[in-house]
Amino acid sequence: MSEIRTLIVDDSSVMRKIVERSLRQAGLDPMVVYEAGSGVEGLEVLRTKEVHLILSDINMPSMDGLEFLRQLRAQNLAPNVPVVMITTESSEEHVKQAILAGAQGYIRKPFTAEQVKERVLPLLNAA
Amino acid sequence: MLLYGVRKAAIATQRGGGKDEMERTMTLSLRKSVDQVADPKNLDASVDEVFQMMLGVNSQRSDEPLDVEPESVTAVVGFGGLLSGACVFKSGSSAAMKIAAHMTGMEFTEVDDTVKDGIGEICNMLAGAWKGKVPDLSANCGLSVPAVITGRDYNLHVQAPEFKLCHVYKFDDSSFEVTIICDGLQ
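Protein chains in written order, with this note's numbering: chain A, 1 to 127; chain B, 1 to 186.
The hints are simulated quantities; they were obtained by calculation from the structure and are not laboratory data.
Please note that the accuracy of each hint is not assured.
Output of the computed footprint for chain A on chain B, the stretches with three or more beta carbons under 8 Å from beta carbons of chain A [unchecked claim]: (1) 96-110; (2) 121-132.
One side of the interface only, derived from the structure: several residues of chain B facing chain A at Cβ under 8 Å [as the list claims (entries may be wrong)]: (3) Ala45; (4) Asp48; (5) Val50; (6) Met54.
Predicted model only: the values in this text are computed from it and were never measured.
The beta-carbon is built from N, C-alpha and C at its ideal position, and this holds for glycine as well.
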């Protein structure tokens with residue numbers, strides 16, 4: 001893969017930038033980043049763009065990350081693309097819900113670039 | 001008024017957990033572990049974790065009052081579920097701009113939308129890290145999206161909370177205050 005195309009879904013523009021920076025620090029460079037402020041916007045992006053990786057927050061207004069993931073699977077958008085949830089919610093129940101909805105990875109906020117690398121790179125290598 | 005709206009949103013988020021989770025919540029109680037929930041060390045550890053990991057800076061708890069600045073920034077994240085209440089972050093505008101600068105690598109001369117967004121996220125992570133210290137709380141307490149207030153000469157008043165933790169912390173030459181307010185515990 002010469003250029004990784006990544007979709008970052010988070011209602012916080014600051015968090016989107018931090019996630020992007022962490023991915024670049026993890027070695028995902030060159031990388032093209034598409035940003036979305038909600039699940040609805042994320043679905044819109046995926047209707048027109050092809051991506052290799054999706055990272056999404058859970059707790060967002062209008063459409064949360066879990067519903068975004070369910071819609072993604074139901075509409076068969078980005079079917080083989082790994083999805084990693086990045087969220088403050090860290091209980092086993094939340095992780096279970098994310099996995100059931102179709103997430104392949106889970107990163108708890110706050111996080112380090114090293115943690116992002118450990119969880120994201122194996123998924124990209126396997127894809 | 002603001003706290004009411006934030007709390008309502010947190011309860012709605014928690015209810016998103018589904019019927020099974022709601023039924024389990026009904027049988028669980030945090031009453032017996034109130035000492036663990038209200039342990040001040042959990043708040044200090046959460047602040048340390050968030051500032052170390054997201055800003056790369058050390059913060060120390062301080063006995064001094066919060067630095068007085070003409071304008072301040074306050075972020076509120078509501079808790080809903082087994083515990084209801086809020087996590088409140090407050091700092092002067094210059095401290096808020098410094099925090100946002102550490103988060104983004106940008107420089108700020110005013111409290112713009114990016115600074116407000118950054119402070120809201122810090123409060124969100126503090127709330128999540130704090131509730132994550134107690135497993136039953138982590139699984140059965142939802143968070144609202146953050147609300148951020150900026151301005152001069154305002155106070156936050158909560159009537160007779162169940163418990164309240166309010167600590168001031170220092171980082172670089174700035175200070176900020178984090179408050180956990182619990183006004184309902186099942």
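What are the numbers of the hints the structure violates, in ascending order?
3 and 4
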